[in-house]
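S.K.: Sequence:
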Amino acid sequence: MGEELKVIVFSLAHEQYGVEVEKVRTIERMQPLTRVPKTFAFVKGVINLRGVVVPVIDLRGRFGLPEEEYTDNSRIIIVAVKDMEVGMIVDSANDVVDVDGDAIEQPPEIVGGIRAKYLRGLAKLSDDRLLVLLNLEEVLNKSEIAQLEQFGE
Numbered sequence: 001m002g003e004e005l006k007v008i009v010f011s012l013a014h015e016q017y018g019v020e021v022e023k024v025r026t027i028e029r030m031q032p033l034t035r036v037p038k039t040f041a042f043v044k045g046v047i048n049l050r051g052v053v054v055p056v057i058d059l060r061g062r063f064g065l066p067e068e069e070y071t072d073n074s075r076i077i078i079v080a081v082k083d084m085e086v087g088m089i090v091d092s093a094n095d096v097v098d099v100d101g102d103a104i105e106q107p108p109e110i111v112g113g114i115r116a117k118y119l120r121g122l123a124k125l126s127d128d129r130l131l132v133l134l135n136l137e138e139v140l141n142k143s144e145i146a147q148l149e150q151f152g153e
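Take the sequence shown: its letter number 32 is residue 32 in my numbering, and every next letter is one higher.
Check before you lean on any hint, since a few could be wrong.
Okay, derived cross-link-like pairs now, DSS-like style, lysine-lysine, Cα gap no bigger than 27 Å in a straight line [what the hints assert, rightly or not]:
no.	residue 1	residue 2
1	K6	K117
2	K23	K117
3	K38	K124
4	K38	K117
5	K6	K38
If you're looking for bench data, these hints aren't it; they were derived computationally from the structure. Only a predicted model underlies this, so the values are computations on that prediction, with no experimental measurement involved.
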């Protein structure tokens with residue numbers, strides 16, 4: 001029996017994704033973002049979260065998916081990556097599930113139009129759902145993190 005992971009499940013373009021609970025700081029409703037010039041198109045801006053400036057990216061834009069209007073269900077998932085907090089805009093945050101480590105498989109080269117380097121694996125859940133687990137270190141790769149870190153100073 002592999003180790004069990006607690007995973008936050010969220011939706012993006014009608015697919016289910018997951019990120020480990022221990023990497024999630026908080027899940028926030030959509031709020032006004034302050035735009036930042038000269039950044040990647042998927043960087044939507046920054047928010048002031050309890051006195052901390054947090055850069056926010058749109059995961060749809062990051063993955064090259066068509067962007068859509070934000071709805072009442074849209075959420076900003078604040079994750080911690082390498083001593084830095086970053087917000088990820090998702091269509092909705094749905095659930096927390098336990099995933100058996102043995103149920104995680106290597107992702108194929110492309111899943112739902114997303115390159116495998118952004119993915120940690122695919123997990124089969126007990127209710128026959130397939131959950132795509134994100135590799136946060138690649139979703140926010142080092143050079144982009146270095147660029148974003150300038151806003152936190």
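S.K.: Compare the structure with each hint and give your call.
M.R.: Status of each hint after checking the structure:
no.	hint	result
1	K6 to K117	holds (22 Å)
2	K23 to K117	holds (18 Å)
3	K38 to K124	violated (40 Å)
4	K38 to K117	holds (25 Å)
5	K6 to K38	violated (36 Å)
Checked against the numbered hints given earlier, the structure breaks hints 3, 5 and satisfies all the rest.
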